[in-house]
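S.K.: Going by this note's numbering, the first residue of the sequence shown is number 104, and it counts up by one from there.
No wet-lab data here; the hints were simulated from the structure.
Idealized CB from N, CA, C, for every residue including glycine.
Hints are supplied without guarantee of correctness; some may be wrong.
Here are the simulated lysine-lysine pairs, DSS-like style, with alpha carbons at most 27 Å apart [stated by the list, open to error]:
#1 Lys166 / Lys154
#2 Lys154 / Lys139
#3 Lys305 / Lys289
#4 Lys166 / Lys155
#5 Lys139 / Lys305
#6 Lys231 / Lys289
#7 Lys139 / Lys166
#8 Lys139 / Lys155
#9 Lys202 / Lys305
#10 Lys166 / Lys226
What follows is a list of derived Cβ distance ranges for each label pair [to be verified]:
#11 Lys226 / Gln173: 24 to 34 Å
#12 Gln173 / Ser281: 42 to 52 Å
#13 Glu285 / Asn232: 16 to 26 Å
#14 Asn232 / Tyr303: 38 to 48 Å
#15 Asn299 / Asp117: 18 to 28 Å
#16 Asp243 / Phe203: 27 to 37 Å
#17 Glu147 / Glu285: 22 to 32 Å
#18 Asp117 / Glu295: 33 to 43 Å
#19 Leu191 / Lys154: 25 to 35 Å
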Amino acid sequence: MAAPKTVPVYHYFDLGRLGRGEVVKLFLMDAGIDIKEVHYPYDETWAENSKKVQQQGISRTRKLPALEYQDLVLTQHIPILRFFARDLGRYDGETNAEKFLVDAVSDIYIDWRSQWVANLTEKSEKYKNEVAPEYYDLLDQYYRDHVGPYLLGDSVTYADFAVYQSIDNDERTGTLPSSLPESLLKLREAFEQRPNISAYLKATRQG
């Protein structure tokens with residue numbers, strides 16, 4: 104994919120390392136695509152700001168993230184990752200079977216994320232003691248099918264970015280299981296050593 108003629112404009116909440124928008128940011132950083140960031144406070148002002156982003160054509164659903172890219176407006180974080188994976192011709196597996204696997208794991212992540220978000224407002228022991236451990240145990244069944252460290256072995260995919268973000272977010276909210284499967288520990292270690300994002304992760308470790 105050729106470099107964008109103009110820098111893509113990325114709209115998201117001012118949440119630091121939390122949130123689904125961080126997945127897209129890490130992905131684009133890894134791919135070497137620079138972005139201009141526009142942050143919105145996630146507070147009582149969002150009700151009004153959400154109307155503005157809808158009126159401006161940035162988000163039909165009044166939800167973020169949203170990415171202005173060339174003549175397109177891309178929304179929903181997993182579809183954004185899939186779009187760029189296809190545009191770049193990587194991060195998505197090579198065979199139809201590999202692409203299916205990447206899609207399947209990303210869907211498991213989406214199911215997890217809805218429960219993680221719900222737990223932010225209504226803390227529950229069930230999430231911490233049942234939902235999160237079951238999620239990581241399920242992921243382990245997929246990741247241990249290959250030597251690793253990534254879902255497809257040596258090649259990183261967009262699903263790996265989502266899974267890494269789930270581990271990081273659970274750790275930040277104190278809901279990460281006390282022990283993760285070995286396959287996911289390998290993923291985390293390899294991901295944090297990727298050249299384009301390692302410095303950023305270190306700088307925001309306390310964010």
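S.K.: Evaluate the given range 42 to 52 Å for the C-beta pair formed by Gln173 and Ser281.
M.R.: For Gln173 and Ser281 the Cβ distance comes to about 45 Å; the hint holds.
S.K.: Would you mind confirming whether the straight-line C-alpha gap from Lys139 to Lys166 stays at or under 27 Å?
M.R.: OK: Lys139 and Lys166 at ~18 Å, within 27 Å.
S.K.: Within 27 Å, alpha carbon to alpha carbon, are Lys231 and Lys289?
M.R.: Roughly 22 Å between the alpha carbons, so the hint for Lys231 and Lys289 holds.
S.K.: Can you let me know if the beta-carbon spacing of Asn299 and Asp117 is within 18 to 28 Å?
M.R.: At roughly 23 Å between Cβ atoms, Asp117 and Asn299 fall inside 18 to 28 Å, so the hint holds.
S.K.: Run the distance test for Lys305 versus Lys289: straight-line Cα separation, threshold 27 Å.
M.R.: holds (18 Å)
S.K.: Measure nothing beyond the straight line between the CA atoms of Lys202 and Lys305; if it is 27 Å or shorter, mark the hint as holding.
M.R.: violated (31 Å)
S.K.: Within a Cα-Cα threshold of 27 Å, do Lys139 and Lys305 meet the stated pairing?
M.R.: holds (21 Å)
S.K.: Starting from the range 27 to 37 Å, see whether the pair Asp243 and Phe203 falls in it by beta-carbon distance.
M.R.: violated (19 Å)
S.K.: Range hint 16 to 26 Å: satisfied by the CB atoms of Glu285 and Asn232?
M.R.: holds (21 Å)
S.K.: What's the verdict on Lys166 and Lys155, does the C-alpha distance respect the 27 Å limit or exceed it?
M.R.: holds (11 Å)
S.K.: CB of Leu191 to CB of Lys154, is that within 25 to 35 Å?
M.R.: holds (34 Å)
S.K.: Regarding the pair Lys154 and Lys139, is the alpha-carbon distance no greater than 27 Å?
M.R.: Roughly 21 Å separates the two Cα atoms, so the pair holds.
Violated hints, in rising order: 9, 11, 14, 16, 17 and 18; the structure is consistent with all others.
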